[in-house]
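Residue numbers for the sequence shown follow the numbering used here, so the first one is 142 and each next one is one higher.
Simulated from the structure, these hints should not be mistaken for lab results.
Don't take each hint at face value.
[Claimed, not checked] Calculated pairs, EDC-like style, for lysine to aspartate or glutamate (alpha carbon to alpha carbon, straight line, at most 16 angstroms): (1) K390 / E379; (2) K398 / E367; (3) K336 / E271; (4) K395 / E379; (5) K274 / D247.
A quick note: this is a predicted structure, and the numbers were derived from the prediction, not measured.
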Amino acid sequence: MNVTLLEKYIQITVEEDNEFLHKALAYAEKYFSKSYRLSRTVLILDDGERFKKDYLVNWAYHAFGQDEKHQKLHNLIENLQNPPKDTPHLDTTDSMQSPIEEPLQDLKYLLDFTYLPIRIKIVGKNSLIERVKISLRLLNTKRVMLKMDKANSVARRYIAHIFEDYYVGCDRDEIYLDSTKPYFWESIMNLISFKVIHNVILDFDYDSFKNRGGLGSFDDSFLTDEERVLRGCYMTLECHYQDDFELVKKNYLKLAKEYHPDNVFGQDEQVIESYSDRFRRIQEAYEKIKNYLRAS
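Turn these sequences into a full structure, and let the hints guide you.
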């Protein structure tokens with residue numbers, strides 16, 4: 142649930158069973174003469190009732206806890222712009238937009254635009270969950286791009302954070318990384334994994350990463366089929382194939398706990414399915430590594 146400024150109107154997105162919705166609909170019907178109810182939206186067009194629109198936006202903003210979310214984001218940006226002295230320096234010399242340069246839609250900013258229509262969008266429970274697929278593309282010998290299939294600020298900020306050691310810059314749905322740093326490809330393969338961040342599912346296109354964006358897979362022609370499968374198991378457990386078994390077991394327990402389907406009981410079916418699939422692959426990878434080490 143949130144209040145956002147779009148190109149032609151301010152949108153209040155709210156779930157259909159939220160208590161705020163029923164109060165907001167009653168408020169719109171009572172105080173706005175140009176309030177139009179469609180199947181899943183309410184459009185408020187009154188230009189002469191701006192103080193009432195200010196009240197509605199202010200009310201929704203605080204009802205959704207957006208003031209607290211904005212403060213947390215503001216603190217995060219402060220930390221990124223003024224990092225501690227021991228924080229690794231990020232190369233931002235390229236002319237690409239930083240993920241923290243986009244305008245923040247705080248309350249004061251939103252209220253400057255209440256001359257626009259207000260749209261109340263009614264959504265089903267858990268339908269706010271969005272899946273963002275991320276693939277890797279090779280730009281040149283020094284740069285690779287992580288391409289999102291749709292623009293999403295939450296996904297963009299999180300991806301920039303987890304790849305911060307290689308981060309160069311970004312655009313709305315693209316993130317650029319420096320591929321010249323030591324062990325770049327090995328580290329990238331260990332970092333990617335299915336994640337759920339807030340209401341966003343990050344789904345990394347494993348094949349495009351494994352193929353290094355078209356550069357070709359690592360030279361493993363000397364490996365047997367069993368060894369290739371085994372190395373894939375280590376990657377699934379976010380380990381290097383030379384890591385000792387104690388580290389493998391530690392990562393297995395951490396990931397199995399994180400992606401156990403019980404953690405998302407009652408949530409969106411897509412999330413449950415993703416967790417179940419990830420949990421199954423974690424279990425299978427651990428068993429294969431354990432059995433291989435026992436046999437050897």
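Taking the hints in turn, this is what the structure says about them:
no.: 1; hint: K390 / E379; verdict: 11 angstroms, holds
no.: 2; hint: K398 / E367; verdict: 27 angstroms, violated
no.: 3; hint: K336 / E271; verdict: 12 angstroms, holds
no.: 4; hint: K395 / E379; verdict: 11 angstroms, holds
no.: 5; hint: K274 / D247; verdict: 28 angstroms, violated
Figure legend: structure checked against the earlier numbered hints; hints not met, in rising order: 2 and 5.
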